[in-house]
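A.B. asks: Sequence:
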Amino acid sequence: MLIARLIADPDTLGDNLALAMELIEARGWDVAGAGMLEFCTNVLELELVEGDPAQVRAILDQCFPDSDLLLSNQPFSVPNLFVSDMDSTMIGQECIDELADFAGLKDRIAAITERAMQGELDFESALRERVGLLKDLPEAAIRQCLDERIRPMPGARTLVSTLKARGCHTVLVTGGFHSFADPVAEMLGFDRVVGNRLGLHDGVLTGGLVGGIVDSSVKKKVLLEETERLGADVVSLATGDGANDIPMIEAASFGLAYRAKPKARAAADGWIDRGDLTAILDLLGIARSDWVFD
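Number 80 in this note's numbering belongs to position 41 of the sequence shown; there are no gaps in the numbering.
Since the hints were made in silico from the structure, they are not lab data. A couple of the hints might just be wrong.
List of simulated lysine-lysine pairs, DSS-like, C-alpha gap at most 30 Å [stated by the list, open to error]: (1) K203 to K260; (2) K174 to K145; (3) K260 to K302; (4) K145 to K300; (5) K174 to K300; (6) K260 to K300; (7) K300 to K203; (8) K145 to K302.
Simulated restraints, written as ranges between beta carbons of each label pair [said to hold, decoys possible]: (9) E264 to V331: 18 to 28 Å; (10) A150 to E225: 28 to 38 Å; (11) A179 to A73: 23 to 33 Å; (12) E89 to A179: 51 to 61 Å; (13) G250 to P222: 18 to 28 Å.
Just so we're clear, the structure is a prediction, and the values are computed from it rather than from any experiment. Just so you know, even glycine gets a beta-carbon here, dropped at the ideal spot from N, CA and C.
Using the sequences plus the hints, can you model the full thing?
C.D. replies: This is the structure in structure tokens:
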């Protein structure tokens with residue numbers, strides 16, 4: 040059985056649902072049920088007896104533009120583990136791009152960042168190239184950037200707090216830097232942080248990195264290690280927006296692409312294109328009366 044939950048424009052929901060059911064049934068798949076969730080009345084749930092997940096996703100994407108969606112072949116439940124990317128997912132910025140602005144290099148570095156997130160460049164070489172361009176930038180620019188530029192995505196605090204209140208272990212894993220990720224994790228309430236470390240000497244950036252690189256393989260490894268540590272029957276949720284998030288998204292029980300690049304969106308079990316991060320709580324079926332607002 041496949042279960043799809045989605046949030047879409049209520050004014051066109053009925054017509055678009057009829058079209059979606061027609062297209063699904065034309066492929067020989069039976070729709071066992073369709074209706075709004077009792078405790079999340081803005082969420083439509085569809086149950087299919089069978090169906091190819093990729094094709095069902097494509098149909099729902101076609102019929103419900105600008106929607107939030109999660110497709111699953113298992114019953115929905117609150118995850119025991121939440122692993123999330125940081126830049127452009129939990130916060131609204133790309134930290135290295137904002138930091139580059141203090142060196143007068145934002146446009147140059149942002150162009151490399153965009154290509155890396157689209158999956159057009161090797162992540163590690165692109166990261167090292169960008170960090171190298173920041174050589175001799177004062178360490179004080181990091182604190183200034185944090186204070187002036189870095190802001191949480193709408194709904195980020197509520198998402199993390201609500202999941203934690205229900206016993207979920209939360210991990211922020213980023214191809215960015217601990218200098219940013221540690222304060223962001225503290226602000227949002229994450230239990231663990233995994234990231235890269237900028238080289239510093241005498242109060243300035245060296246243009247290098249300290250230790251290993253957190254890339255797509257490390258993000259997936261973190262999710263799998265945490266899953267194993269938490270034990271059998273762990274339900275995991277992963278969110279991200281770029282190509283380096285794809286292995287982690289694919290390895291999770293529920294992999295969601297948040298306002299994502301095309302490759303990441305195509306690899307996920309669903310996407311958040313319409314709402315803020317609290318849409319994830321709606322799709323999981325957590326009633327708003329149970330949300331934790333900080």
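A.B. asks: Could you run down the list of hints and mark each one as holding or not?
C.D. replies: Hint check results:
1. A threshold of 30 Å between alpha carbons decides the hint, and for K203 with K260 the separation of about 22 Å falls inside it, so the pair holds.
2. Straight-line distance between C-alpha atoms of K174 and K145 comes to about 14 Å, which keeps the hinted pair within the 30 Å bound.
3. For the hint linking K260 to K302, the alpha-carbon distance of about 20 Å falls within 30 Å, and the restraint holds.
4. Between K145 and K300 the alpha-carbon distance is near 20 Å, which keeps this suggested pair within the 30 Å criterion.
5. Of the supplied pair hints, the one linking K174 and K300 holds, its CA atoms being roughly 29 Å apart against a limit of 30 Å.
6. About 22 Å separates the Cα atoms of K260 and K300, which keeps this hinted pair within 30 Å; it holds.
7. Under the criterion of a C-alpha separation no larger than 30 Å, the hint pairing K300 with K203 is consistent with the structure, at around 28 Å.
8. Between the alpha carbons of K145 and K302 the distance comes to roughly 24 Å, so the proposed pair stays at or under 30 Å and holds.
9. Checked against the given bound of 18 to 28 Å, the beta carbons of E264 and V331, roughly 27 Å apart, stay inside it.
10. Taking the beta carbon of each, A150 and E225 are about 31 Å apart, inside 28 to 38 Å as hinted.
11. A hinted range of 23 to 33 Å is violated for the C-beta pair A179 and A73, which are about 56 Å apart.
12. The hinted range of 51 to 61 Å is satisfied by E89 and A179, whose Cβ atoms lie roughly 59 Å apart.
13. Checked against the hint of 18 to 28 Å, the C-beta distance between G250 and P222 comes to roughly 19 Å, which is consistent with it.
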